[in-house]
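I would like the entire structure built from these sequences, with the hints used as guidance.
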Amino acid sequence: MININEVIETNKMVDEHNLDVRTITLGISLLDCIDSDLKECNKKVFEKITTTAKNLVATGNEIEKEIGIPIVNKRISVTPISLVGASCCKKPEDFVSFAHTLDDAAKVVGVNLIGGFSALVSKGMTKAEEMLIKSLPQALHETDRVCSSVNLGSTKTGINMDAVRLMGEIIKEVAEVSKDNDSADCMKLVVFCNAPDDNPFMAGAFHGVTEADAIINVGVSGPGVVKTALEKVRGESFEVLCETIKKTAFKVTRVGQLVAKEASERMGIPFGIVDLSLAPTPAIGDSVADILCEIGLEYAGAPGTTAALALLNDQVKKGGVMASSYVGGLSGAFIPVSEDQGMIDAAKIGALTLEKLEAMTCVCSVGLDMIAIPGKTKATTISGIIADEMAIGMVNQKTTAVRIIPAIGKDVGDQVEFGGLFGYAPIMPVNEFSCDAFVNRKGRIPAPIHSFKN
Amino acid sequence: MEQDKIIITVVGKDTVGILAKVCTYLANNKINILDISQTIVQGIFNMMMIADNTNSEKEFDQCQKELDQIGEELGVQVKCQKEAIFEMMHRI
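Chains as they are written, first to last, in the working numbering: chain S, 1 to 454; chain W, 1 to 92.
Since the hints were derived computationally from the structure, they do not count as laboratory data. Check each hint, because a few of them may be wrong.
Label pairs and their calculated CB-CB ranges [stated by the list, open to error]:
| hint | chain 1 | residue 1 | chain 2 | residue 2 | range |
| --- | --- | --- | --- | --- | --- |
| 1 | S | I284 | W | L19 | 28 to 38 Å |
| 2 | S | A212 | W | Q38 | 39 to 49 Å |
| 3 | S | D180 | W | I36 | 51 to 61 Å |
| 4 | S | A359 | W | T54 | 29 to 39 Å |
| 5 | W | V41 | S | T306 | 33 to 43 Å |
| 6 | W | V41 | S | M322 | 23 to 33 Å |
| 7 | S | A310 | W | K30 | 28 to 38 Å |
| 8 | W | D68 | S | K39 | 29 to 39 Å |
| 9 | S | D180 | W | T54 | 38 to 48 Å |
| 10 | W | D68 | S | S451 | 50 to 60 Å |
| 11 | W | H90 | S | A437 | 51 to 61 Å |
Note that this is a predicted model, so its numbers are computed, not measured. Note that beta-carbon positions come from the ideal geometry of N, C-alpha and C, so glycine has one too.
Structure representation (structure tokens):
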């Protein structure tokens with residue numbers, strides 16, 4: 001039987017160390033909504049989402065109450081819209097109509113974000129995919145809850161440099177249209193290499209074509225819990241350190257597994273995966289950077305950071321993998337800058353640079369995330385940054401991503417405010433030497449030699 | 001959830017009659033207490049009960065609200081959760 005110390009431990013994790021389930025994300029396939037008539041297709045999309053997800057928020061709230069652990073977000077991911085709209089969209093504005101439909105559906109069912117306004121162009125772009133990408137500045141600006149992702153490369157296909165170049169320009173345009181709001185529309189747009197089909201986290205969630213009709217994916221969180229556990233083993237050996245992280249990650253992931261199973265049963269929708277993640281928020285004590293400091297660094301970004309993060313990421317996976325029957329998504333420690341108070345502090349004081357962040361992305365999930373850079377940064381420079389990150393993902397057979405915010409009208413020394421879970425960020429300096437001639441070459445970078453495993 | 005067991009926790013400053021009030025409420029609502037333990041952690045009173053609400057006519061969330069109310073009257077925090085979360089986290 002459960003004993004009192006175990007009960008106290010669990011409740012402390014929630015009350016004092018910010019343990020929560022970050023998101024229940026309902027993936028919905030829209031492939032059966034495809035229609036050659038734009039209006040009809042939009043109508044089918046709206047109906048499918050609002051029918052499938054009608055109980056999502058209520059179910060989430062119910063589970064939250066029963067087990068006493070907050071489920072912060074309820075979200076939806078859908079089949080990449082570039083596929084759904086391919087047969088009925090003749091111009092970028094047609095794709096914008098889908099963004100509105102997704103936004104309306106999200107509002108009706110009460111989810112705070114909906115992902116899947118996406119295009120998968122890792123090898124080449126269809127006309128539809130190019131139109132969707134070109135519709136992004138307008139689509140993201142006119143909607144509140146729609147998130148977009150573009151997969152630009154993979155280990156199997158190489159990197160589509162034409163799309164990388166285009167995305168550099170598009171990110172600048174997205175920033176420009178929302179310049180009155182600290183270019184905040186860029187928060188809803190992420191580019192990937194090796195994008196997973198079952199990621200529950202925004203902005204990159206979409207429901208891959210390999211998935212079932214509908215599926216429940218859950219993303220857990222708990223940097224505060226890991227940090228607190230590590231406080232008790234200060235000065236101990238790496239063995240003790242790693243064991244502590246593993247045990248904590250196991251407990252955190254068990255919560256996700258329970259929530260995923262319950263949600264799946266109650267909604268009659270199959271359980272997909274649990275994403276074993278340490279996802280920070282700007283709340284004090286909910287920071288991945290603080291864990292790195294607890295491991296022994298003065299600030300995130302100090303020498304040793306990459307090694308500490310590699311260790312952390314690996315132990316989180318080792319502990320979490322046994323706690324869940326299916327693991328997937330991004331799984332690992334997230335290192336967004338604006339959403340993590342410890343990262344913000346490190347960036348402000350100059351301990352953390354873009355280059356160090358890039359190194360860190362080699363050993364953890366995701367990539368350059370929620371980083372504000374000067375608004376004057378050239379589109380080709382942004383493309384260069386993206387290409388570097390995609391190359392890391394491609395060569396290391398892992399997911400990498402870039403969610404970067406060129407804050408129009410702001411420069412190093414300024415700050416951007418996104419509010420809520422998205423936090424705030426100091427503008428970080430960017431290497432300004434040109435990569436124009438590299439980015440302006442046409443075509444794609446071939447897949448690396450170790451991708452030929454057949 | 002399959003299990004009908006619930007975990008009731010009381011956390012706060014120790015005062016006279018906490019146990020009596022909570023137990024009376026449970027008895028009135030046909031919730032059977034299976035186990036009680038208590039401890040003081042850093043000067044704070046912690047009590048935990050494992051109970052069975054199979055025969056209770058009251059909905060779980062209604063019990064939660066009413067126990068929360070009792071806690072407020074006593075100046076302590078009373079929580080009511082399904083046992084599944086603790087089983088899941090602490091048992092393989």
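Evaluated hints:
1. Remark: the range hint 28 to 38 Å for I284 of chain S to L19 of chain W is upheld by a beta-carbon distance near 35 Å.
2. With their beta carbons about 48 Å apart, A212 of chain S and Q38 of chain W fall inside the hinted range of 39 to 49 Å.
3. Checking the proposed 51 to 61 Å range against D180 of chain S and I36 of chain W shows it holds: the Cβ atoms sit about 60 Å from each other.
4. Roughly 56 Å separates the CB atoms of A359 of chain S and T54 of chain W, a value that falls outside the hinted 29 to 39 Å.
5. Checking the proposed 33 to 43 Å range against V41 of chain W and T306 of chain S shows it holds: the Cβ atoms sit about 38 Å from each other.
6. The beta-carbon spacing between V41 of chain W and M322 of chain S, approximately 29 Å, falls within the hinted interval of 23 to 33 Å.
7. Checked against the hint of 28 to 38 Å, the pair A310 of chain S and K30 of chain W fails, with Cβ atoms roughly 55 Å apart.
8. For the pair D68 of chain W and K39 of chain S, the supplied restraint of 29 to 39 Å is violated, since their beta-carbon distance comes to about 49 Å.
9. In this structure the hint that D180 of chain S and T54 of chain W lie 38 to 48 Å apart at CB is violated, the actual value being about 59 Å.
10. For D68 of chain W and S451 of chain S, the hinted distance range of 50 to 60 Å is satisfied, since their beta carbons lie about 57 Å from each other.
11. Take H90 of chain W and A437 of chain S: their Cβ atoms lie about 59 Å apart, and the range 51 to 61 Å holds.
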